[in-house]
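A.B. asks: Whenever a hint applies, use it, and build me the whole structure from the sequences.
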Amino acid sequence: MRPEISQKIGFSLFKLSLFITLFFLGTILWFIAIRGYRVISWEFLTTGPREAMTEGGVAPAIIGTFYLVLGSLIISGPLGVGCAIYLCEYNPPGPIANIIKASINNLAGVPSVVFGLFGLGVFVKFFKFGVSLLSGSLTLGILSLPLVISSCQEALLAVPHSWREASLALGASRLETIKRVVLPAAFPGILTGFILSVGRVAGETAPIMFTAATFYMRGYPNSIFSEVMALPYHLYALMTEGIYPEKQVPIAYGCALVLLIVVLSISTVAIILRHRYRIAHGE
Amino acid sequence: MENKPSVRLQTIQVSFFYGEKKVLHNISLDIYQNSVTAIIGPSGCGKSTFIRLLNRMNDLIPGSRLQGTIMLDGQDIYQPQVNVVELRRKVGMVFQKPNPFPKSIFENVAYGPVVKGTRDRLLLQNIVEQSLRKSALWEEVKDRLYENALTLSGGQQQRLCIARCLAVEPEVILFDEPCASLDPIATQRIEELITELKKEYTIVIVTHNMQQAARVSDYTAFFWLGELVEFGRTEKIFTVPENKRTEEYLAGKFG
Chain L
0 MRPEISQKIG
10 FSLFKLSLFI
20 TLFFLGTILW
30 FIAIRGYRVI
40 SWEFLTTGPR
50 EAMTEGGVAP
60 AIIGTFYLVL
70 GSLIISGPLG
80 VGCAIYLCEY
90 NPPGPIANII
100 KASINNLAGV
110 PSVVFGLFGL
120 GVFVKFFKFG
130 VSLLSGSLTL
140 GILSLPLVIS
150 SCQEALLAVP
160 HSWREASLAL
170 GASRLETIKR
180 VVLPAAFPGI
190 LTGFILSVGR
200 VAGETAPIMF
210 TAATFYMRGY
220 PNSIFSEVMA
230 LPYHLYALMT
240 EGIYPEKQVP
250 IAYGCALVLL
260 IVVLSISTVA
270 IILRHRYRIA
280 HGE
Chain H
0 MENKPSVRLQ
10 TIQVSFFYGE
20 KKVLHNISLD
30 IYQNSVTAII
40 GPSGCGKSTF
50 IRLLNRMNDL
60 IPGSRLQGTI
70 MLDGQDIYQP
80 QVNVVELRRK
90 VGMVFQKPNP
100 FPKSIFENVA
110 YGPVVKGTRD
120 RLLLQNIVEQ
130 SLRKSALWEE
140 VKDRLYENAL
150 TLSGGQQQRL
160 CIARCLAVEP
170 EVILFDEPCA
180 SLDPIATQRI
190 EELITELKKE
200 YTIVIVTHNM
210 QQAARVSDYT
220 AFFWLGELVE
230 FGRTEKIFTV
240 PENKRTEEYL
250 AGKFG
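First to last, the sequence lines map onto chains L and H.
Throughout the first sequence, residue numbering follows numbering that gives the first Met the number 0, covering 0 to 282 in sequence.
Throughout the second sequence, residue numbering follows numbering that gives the first Met the number 0, covering 0 to 254 in sequence.
Simulated from the structure, these hints should not be mistaken for laboratory data.
Certain hints may be false.
With a Cα cut of at most 20 angstroms, we get these calculated EDC-like pairs of lysine to aspartate or glutamate [what the hints assert, rightly or not]: (1) Lys115/H / Glu164/L; (2) Lys178/L / Glu164/L; (3) Lys89/H / Glu175/L; (4) Lys235/H / Glu247/H; (5) Lys115/H / Glu175/L; (6) Lys14/L / Glu3/L; (7) Lys100/L / Glu88/L; (8) Lys96/H / Glu164/L; (9) Lys21/H / Asp58/H; (10) Lys246/L / Glu54/L; (11) Lys89/H / Glu164/L; (12) Lys178/L / Glu106/H; (13) Lys198/H / Glu170/H; (14) Lys141/H / Glu128/H; (15) Lys96/H / Glu191/H; (16) Lys20/H / Glu226/H; (17) Lys89/H / Asp29/H; (18) Lys124/L / Glu226/L.
Short derived list, chain L residues pointing at chain H, Cβ under 10 angstroms [claimed, not checked]: (19) Pro91; (20) Pro159; (21) Ser161; (22) Trp162; (23) Glu164; (24) Leu167; (25) Leu169; (26) Ala171; (27) Ser172; (28) Glu175; (29) Thr176; (30) Arg179; (31) Ala184.
Calculated from the model, a selection of chain H residues having no Cβ within reach of chain L, i.e. all distances over 12 angstroms [stated by the list, open to error]: (32) Glu19; (33) Gly73; (34) Thr186; (35) Glu190; (36) His207.
Backbone N, C-alpha and C define an ideal beta-carbon position, used for all residues, glycine too.
C.D. replies: This is the structure we're talking about:
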């Protein structure tokens with residue numbers, strides 16, 4: 000075959016895969032938006048469910064999801080960054096490093112419902128945190144750790160080695176070098192890792208099912224030991240529980256749309272922050 | 000015969016290993032106060048590895064091992080009680096590729112002093128100005144000290160790296176092929192600078208450019224396959240080398 004023709008076929012195939020992917024993404028968004036927007040109103044966003052989930056809104060679930068995301072980030076953020084720094088900057092390569100890395104990857108492969116069971120056994124029962132925001136945040140935090148660690152590691156590895164050498168040669172210790180050169184340079188990448196983990200955590204249902212979430216609550220969570228409502232779990236409840244599916248299903252789509260918007264807006268804020276940071280540092 | 004200046008740095012029977020591979024063989028070399036010592040030789044002959052031993056930049060390479068002694072002012076710098084941070088403040092280094100931090104010009108030069116604990120703004124400004132003047136960059140950047148250092152040209156970046164090194168007030172400066180990525184005009188400026196700096200500092204420069212070694216250095220060491228083939232005064236090495244290998248290398252027969 001002539002090279003120009005095979006070239007063209009190649010490009011067309013790649014383009015086609017892109018279009019197919021975009022088509023699915025677009026369809027999902029359109030499908031959810033079309034069915035969800037009808038139920039969305041000020042009342043839907045600011046009040047709780049009423050009349051056995053057939054009326055009212057999803058406000059407690061929005062708040063709950065927000066708290067869970069925040070709580071899990073408080074757990075996985077510092078821990079993940081710490082692990083990544085240790086693995087990238089301190090741990091000499093060798094068999095032990097490989098075992099640690101493999102373990103983290105395996106942790107990433109554990110199904111989320113297993114994390115849920117683990118959370119139930121350890122946080123809810125053993126530590127007696129109960130079904131609570133705290134138990135849920137811990138479970139989600141551990142669930143998202145591998146993601147946070149691996150994206151932080153990528154961010155750290157992307158910092159040119161020559162900057163570390165420059166800093167060391169100027170009489171900075173390794174800790175000073177990490178603090179003053181490596182972390183600031185890796186910050187946008189680390190933020191990207193956090194964004195990914197927010198997206199993952201906000202949508203998880205199984206891990207919070209036994210550890211944090213409740214079908215219904217009056218008012219809002221007022222301590223880290225409160226049960227919370229959460230959007231994905233509320234969505235699940237609307238579709239599987241209750242006795243008025245014809246009224247619940249539209250609310251479920253509304254709930255899905257709100258979940259999408261919450262995740263997208265958290266990501267957008269983080270992306271804007273990252274962009275500002277990059278501009279401020281002249282990249 | 001002129002008076003020999005005092006020895007600042009001394010390597011005694013230094014060998015260096017990457018794992019099992021021996022990359023430097025029994026190097027014994029004296030580096031004299033207020034002089035420029037050039038280390039020349041073909042690629043892969045161990046010159047960079049050697050110079051990085053002088054401020055312990057190879058410490059972090061896993062599986063590497065040093066044999067022999069390296070003395071700074073008569074003190075073995077590889078003794079466990081030696082503070083590496085202190086050593087590197089005394090023995091500064093400028094790298095092959097300009098490597099300014101993605102920070103402002105000011106922050107780059109002030110980095111060493113700030114890490115050392117200097118917080119006084121006026122003092123820092125003073126250090127930054129003096130260092131930039133010494134590296135002949137002050138006039139070009141005095142109105143843009145707070146711009147990002149990465150906006151400078153390659154040659155300016157390298158002079159910034161020299162200023163950054165000077166700000167720590169080292170006594171010895173190691174240059175690891177400082178002009179390898181620069182154009183001829185930028186190279187000439189760095190060479191002039193090195194000649195100027197030797198009045199105050201002891202300088203070691205690795206270069207693959209023989210003309211550069213001839214222009215800037217007082218002493219030349221020729222490395223080949225990890226061995227020190229010949230060491231002596233530059234004018235002697237370049238005119239009447241004792242070793243046949245040196246002669247052939249300088250004549251461009253291999254390299």
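A.B. asks: Name the hints, by number, that the structure is in violation of.
C.D. replies: Those not satisfied: there are none.
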